[in-house]
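A.B. asks: Residue numbers (this note's numbering), protein chains in the order written: chain A, -8 to 496; chain B, -8 to 496; chain C, -8 to 496; chain D, -8 to 496.
No wet-lab data here; the hints were simulated from the structure. All values derive from a computational prediction rather than experimental measurement. Beta carbons are placed, not taken as given, at the ideal position from N, Cα and C, and that holds for glycine. All the pointers check out, no bait thrown in.
Covered stretches of chain C, going by a simulated chain D footprint (3 or more residues, C-beta under 8 angstroms):
| # | stretch |
| --- | --- |
| 1 | 126 to 140 |
| 2 | 144 to 154 |
| 3 | 357 to 368 |
| 4 | 373 to 380 |
| 5 | 398 to 406 |
| 6 | 409 to 423 |
| 7 | 471 to 480 |
Protein chains: 4
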Amino acid sequence: MNDNIIKLSGKDLTVEEVDRVSRYGYKIEITEEGIKRLKDSRQLVFDLVDSNIPVYGFNTGVGWNKDKAVFKDFFQEYNTNLIRSHSIAVEPEASIEEVRAVMLVRLNGLLYGCTGIQPEIALMYKEMINREVTPVLPERGSVGEGDIACLSHIGLTMIGEGEAYYKGVKMPALEALQQAGLEPVVLGPKDGLAIVSSNALAAGEGALVIKDVEELLDMADIIYALSLEGLNGNTSPLDKNTHKVRPFPGQSYSAERITKYLEGSYVWNPNWKKALQDPLSYRGSAHIHGSIRDALDYVKKYLTIQMNSSDDNPCLLLDERVIVSCSNFEPTTWVLGFEMLGIALGHLSKVSCYRSIKLGDPDFTGLPRFLAPSDNVLSFATLQKTYTALDAEIRHLSNPATTDFFSLAGDIEDHANNSPYVVQKTRKIVDNIRYILGIEAIHAVQAIDLRKDIHLGKGTKIAYDIIRKEIPFYDKDRNISIDIKKAYELMKNKKILSEVLKVIK
Amino acid sequence: MNDNIIKLSGKDLTVEEVDRVSRYGYKIEITEEGIKRLKDSRQLVFDLVDSNIPVYGFNTGVGWNKDKAVFKDFFQEYNTNLIRSHSIAVEPEASIEEVRAVMLVRLNGLLYGCTGIQPEIALMYKEMINREVTPVLPERGSVGEGDIACLSHIGLTMIGEGEAYYKGVKMPALEALQQAGLEPVVLGPKDGLAIVSSNALAAGEGALVIKDVEELLDMADIIYALSLEGLNGNTSPLDKNTHKVRPFPGQSYSAERITKYLEGSYVWNPNWKKALQDPLSYRGSAHIHGSIRDALDYVKKYLTIQMNSSDDNPCLLLDERVIVSCSNFEPTTWVLGFEMLGIALGHLSKVSCYRSIKLGDPDFTGLPRFLAPSDNVLSFATLQKTYTALDAEIRHLSNPATTDFFSLAGDIEDHANNSPYVVQKTRKIVDNIRYILGIEAIHAVQAIDLRKDIHLGKGTKIAYDIIRKEIPFYDKDRNISIDIKKAYELMKNKKILSEVLKVIK
Amino acid sequence: MNDNIIKLSGKDLTVEEVDRVSRYGYKIEITEEGIKRLKDSRQLVFDLVDSNIPVYGFNTGVGWNKDKAVFKDFFQEYNTNLIRSHSIAVEPEASIEEVRAVMLVRLNGLLYGCTGIQPEIALMYKEMINREVTPVLPERGSVGEGDIACLSHIGLTMIGEGEAYYKGVKMPALEALQQAGLEPVVLGPKDGLAIVSSNALAAGEGALVIKDVEELLDMADIIYALSLEGLNGNTSPLDKNTHKVRPFPGQSYSAERITKYLEGSYVWNPNWKKALQDPLSYRGSAHIHGSIRDALDYVKKYLTIQMNSSDDNPCLLLDERVIVSCSNFEPTTWVLGFEMLGIALGHLSKVSCYRSIKLGDPDFTGLPRFLAPSDNVLSFATLQKTYTALDAEIRHLSNPATTDFFSLAGDIEDHANNSPYVVQKTRKIVDNIRYILGIEAIHAVQAIDLRKDIHLGKGTKIAYDIIRKEIPFYDKDRNISIDIKKAYELMKNKKILSEVLKVIK
Amino acid sequence: MNDNIIKLSGKDLTVEEVDRVSRYGYKIEITEEGIKRLKDSRQLVFDLVDSNIPVYGFNTGVGWNKDKAVFKDFFQEYNTNLIRSHSIAVEPEASIEEVRAVMLVRLNGLLYGCTGIQPEIALMYKEMINREVTPVLPERGSVGEGDIACLSHIGLTMIGEGEAYYKGVKMPALEALQQAGLEPVVLGPKDGLAIVSSNALAAGEGALVIKDVEELLDMADIIYALSLEGLNGNTSPLDKNTHKVRPFPGQSYSAERITKYLEGSYVWNPNWKKALQDPLSYRGSAHIHGSIRDALDYVKKYLTIQMNSSDDNPCLLLDERVIVSCSNFEPTTWVLGFEMLGIALGHLSKVSCYRSIKLGDPDFTGLPRFLAPSDNVLSFATLQKTYTALDAEIRHLSNPATTDFFSLAGDIEDHANNSPYVVQKTRKIVDNIRYILGIEAIHAVQAIDLRKDIHLGKGTKIAYDIIRKEIPFYDKDRNISIDIKKAYELMKNKKILSEVLKVIK
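Next comes chain A alone, as it looks inside the complex (with noise of 0.2 angstroms):
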């Protein structure tokens, strides 16, 4: 377990941040103001009840039932049975790092001052994140109109209900908080609303996706790089001057990223055996890779103002020391940037499948078709199958989902976003692309090493080290699966990305 820490206020939290404290075990800390914050929405919540104010989960029901009062000695039971009667996501879980990081997404907006939730609990968030207690959360369920339906699930860890796990081993979750040295929460007023009503679930998932997104796109560009390299194509296209007149930031900067990996390239050298105009495929690639990031930008800008701002409804203004109904657990902004970012991904998915067809087609080449080193080897000519197979299912994929809904709860809910289904499906198409990706790699440093004597760049030559050290020159057929798994996993896990880096800054 790693001891750096990660302070967190309510007010600051970043995409980088829940990505080391959920997937490289970063610890997390709460900041002063956080915690007094904390009480003092807490005090103001019992301030108001005690003047008789209406408050949504505390002395009332909730949804429909709105209109019926709760008694307050009945406080515990009724958020336990909150909690119990809302559990009603079902599978697939949520993996433990996305776990961790909707329940840091979570705590950092209970942070915020507007939810006014028990301080206790708020701080068992920060003792189960610290301690590896991560509840058993299914993924599906929730509108996203608040990701309710399964954030509850996290509820039911906390009062020992259901199962957990505790250093990546489900058990019940009971045991689990026991193993970690922790007791049961004793739910209060309010607390159990404030447990589910968050946009959490997806905030959290979605900014692990962003996360790999960024990722994606690094990997795309050095991918691009080799390719490149791999075709002997024109290097015109990454004319900063040219991006000058064009200021798409994106793509601005994938070309000076890839001129970067590129340096030193033979590809630089001026050659009059190259074609006039590539492939766009080729030829814009930097443009197609930085209007991808342009589309990020939107997601990551809007979701790490729900990550620092208020979900709450209702809204404890601590300022103006009033409890207010609102909407704010809306999140359209930022759930049709996901959808954005998947069609996005659509056009990243489509250019790598036409580099590497081109790879394999000696009219682009001058290498033999199908990159074969001999006559009897048929290895790279089906393999488009495979790729171009994943690139329908991102396709079908990238349709959007956020407008398809019910009205419910007697016809008061009658709108909603389907945010966790909208971030799941662009998981997925990420997921895909790493496939696709891989392939075109496997492409590449084949072309490379059938050119023979070629001098790569200061970052390609890196990763076609790393690659070629898992995945050797396609000789003779062999069961091709078993390298499309490798470098699937080179895209994912950041063996390249980092040691590239090191270099390239």
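The hints should help you fit chains B, C and D onto chain A, whose structure is shown.
C.D. replies: Frame of chain A; chains B, C and D shown alone:
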């Protein structure tokens, strides 16, 4: 293991038989005429080759490489390489049941007599099925113009490479063969292609999906009948004579079945408290379930033709004693049917969701809102999110995927249909509906209990009892996700169905 | 105007007859049994009302208002209000041909005898069709659970309100009636509902779409045959015996037709210069066209049942002398078919596009690239954008729409199917394909001319001559958009089809 | 015609200016620096050609033909042929307003200075705009990688071919030029490509769509405010402080605007009869409208960059005095934005529909069901079909289309984005929402009238008066389709908006 036997001739395999062999362990035998066609077609290949007629995959290469002579003595190496280099599918694995269905369908196709495979290899399919050797078959990677990328993994097992299951245990393929008392095959000319060039993946998985949809529709009729009792709904839409003047076959069938399930039920009693007309989700259930039956009929009819005809290219014609290049691997007719079926199932999902919503609404039932037995019980309120979230996913999955493909293999393979993915997304829709119907069932029995002392139908009573044995009445809140899972299992296993069908013929 | 006559009985209307009446001015007559059923059912309604049986839309209100008594003496006012208040459809207008088809289908449905409409109003449909009075009918606004919102506009014309066409000229409806020698009808009990509550909009428009798809498929077979001659392609995929072992009905039919069109063509000559196997867009055309035929069969079969059965609710049963509440306005079975058909047509679009692409590619034709007669002619290069852009639109349109609906009318109408929109988007797909096939035709005849002195088939020669009469050989660049439009018209009007079919039976 | 003048520099054109020039007849002038860049870049082209540097479209061919020398003296013929042969777009025509927008955007791009067009031709755009010569421009046929197929039709007019509008009257292009006192241009080297190779079609049409969405959102805020008064809804979700703790920019903006429109309204009065929490379609309107604003911001930001940068290939770099092959015609960044915007507008459609549904529901309003003034009036009951049918169409249109393309031009053009179609389908969504909001407006004012004697807000009162002037209170049924059309027009023309904005800043 089951000792029942199915006889395979290549001409009359049914969806029901695929279900029995793949899931219930029925053994297979091959008819004499099947064996004869196998031998005759192999002989014909040799005769043709002796006449120097070019035979694709035999004395020519494959795909873009089709113009490259493959000399006779390289047959084993060539075909082994073909299997290895075409083993390019990626996760997830098809289930053991599905792989058995795939092998069965492929074997039946071989018996049809247009392939010319080595008879020993055809027999290997039989032995592997009967002795429970099941290749590990990753199910993504084929675009459906032949399921080459995936079927090659069956070939891998046959030559003793890769992994396989023996009686449910995963192990190296060679070991699985040995434990089953089998030897790896020696591939001769055209055998590689014969193994991989077929629609058997999608057809085999598809046959099981069809069986599942049939059972799902039977379950849907039963659950609807229960819900009608829960609602105290009108039976006039079941009136046989109204269906006679609207002669779509499905709606009459469903209406008749539902009528039988409800035989003896209190809902037939004249009751002035009933609404004049129920919501369409009740009034139209027989019609809508019936429409799905009509769509299913289309798919089943054509998939049955697929399973009992030739998908070979080139195609050996025994009577004409020729081998002809063709496109009989085009399965578009029934792939379109699966697309339609997925959309059709979207309607089933919607009506089931709306029926559950109505059961929670006092305006339609006269029962407590959300079927709460007392004011403190919250359970059925939030449950709406679960099933509508799953419906949103179904809506997403019901988008088509069959026309999204690339032009591959040097622009020779410029058509595809994505049959495996289309079948697999339909399978996913089916699975989601099991949850949705299961939750409807939970509503229906709760509503029935709240009505007290009503008399259920002959079929619905059986269903009610089985459900209530697993899922008791909600008198107080509990972790409802456990009950959802149980209800899902009841929709999937055939407990209710088989018990009801024992009584209702 | 045409003097041919179609006899309507309510029981045997065909798609072909709908085509003839709506587009070719065939007159209609009603059989005696049709008239009898009209009268008997009207009498039955009165008998039932006299027995104080509640009849929806007769002695009850409509929809959510169904519980409000409507007293007998308010019948005319009530039904007039019903027509006015249900006239809620929005632009664009259905074409005159389509509105005629809609009226014909509605009339035939009335003759089936389950409606109980005033016979005089049924006869009004006949007169309006025969005398060419055609209501202005905006075609958007119905969700298909009955096409109420749109069909009411026919009612408006009948009572002399709104606008209508008389012999193609738009005018106030009253004037149109007068010019045609007709009087507005006086609405009696249930007449409003009888006019509006039917699937006739989608069914009428759908019948014409089906006819159009049939003709489109015949054209596609012809154009493919021409392209095969342009390519100098292989005929082996047309081999009758290969289709016998793959007995999907459509592919055999298309293969047989194409074979006939090509009778006597040079493509049948043994020619060693041919590729061993053509691209799938050529090799699989008969199969793919055939799959669309298979899908079309499904739709046509069930739409024909729709046109000759009852979609009434409530449903009068003459034999049983009762009126029953039901859901016979559920057209989901064939709406699903139109969804499938749209997806199927996407395959037609794709193969046609790929065939055009191949005709521009010297690697496949041995002809100049982009079929340029000399280096200075650019025409066929960019044309690829036009047809692939139209294909992208088809891909978009082929997404399903049938399950996207709201719960309406106080949550009573919680199912719908969007049949009008589903039919209309299919119609749009068909229209786009006319351009795509038209452009393929331009390619095919250009390739044929460049081959010089080849002998065309018996059918293809006729098609070739008609095309070339409109669109001369490209010897230099010209405004090609004019030719595209001409080619489109040739695909739409039946000139080629009727000339070819005169010779090829 | 308007005498206002917009100055074009190539660097600072705004969406608002595009709106003014194309729709309100503002004249344009070109700044001196714009002229200078035009001249300098033309000179640079000549200098480069003199140095024998290959310049695509200048001393080389185009596309796959790019390797063919085009000799200097064939420039006019070559470029004329290029225009003719690229004139391949098909119906429907873009509107006159849109074509003006397209020409304006293209002209501004030329002034940016990376094209090297003949300055006389650039000036021709200016003259055609100012003198109201508008080419007939069919808007389908481009795949967005440059809108070549469509923009060529502008070139046709410039050389006096094809058809054009002069002051709104269609005529032969040559005649239109002559009537406007213009001469056809003489095309020189690279001019053909300069005219056609640009994203100006999608960008020009897109700019108008953006303007329309901005106005639609302002209208949506106003109509929502009216509906809130119709519902007697809660204002707490407008609370400024709740938006401060959820700092998505759009929701704060909408909440602030709505608050202003409602200034002085009775809805702010404490009223114990209000529900504690309104349906989400009311509670979340500011949030959801705001999310669409956030999505719109993305598109507007990047489209503005598009309009003020280079989409040329090859790209002239004035400072560096080189010409570089690149992919700056890739507009994917903002095409993705339009895809997102279409999905976002789906949410607007949904909430507007649900607000109308709620206004018809006594449980939420306390008013008569379907806002009927008396029992005999049916009007608002069926109206639900109209707007939900249009919403279903929006749902369909919101599916993505940007990744559906072929590999074209000898596999060189293997990326596209369908920008024109993506913009056009978004435009269609916008138009549908005008109906939906218009119908909501009809509901809102009916509900307001039924409440009697309530005091409306400062802004809503103005809107109310304008609507009521066109559409009187429903005291009895009438042909409601006429009112729907009027309401649609009110959403489209700016009458309400401009009157309200005069008072509410």
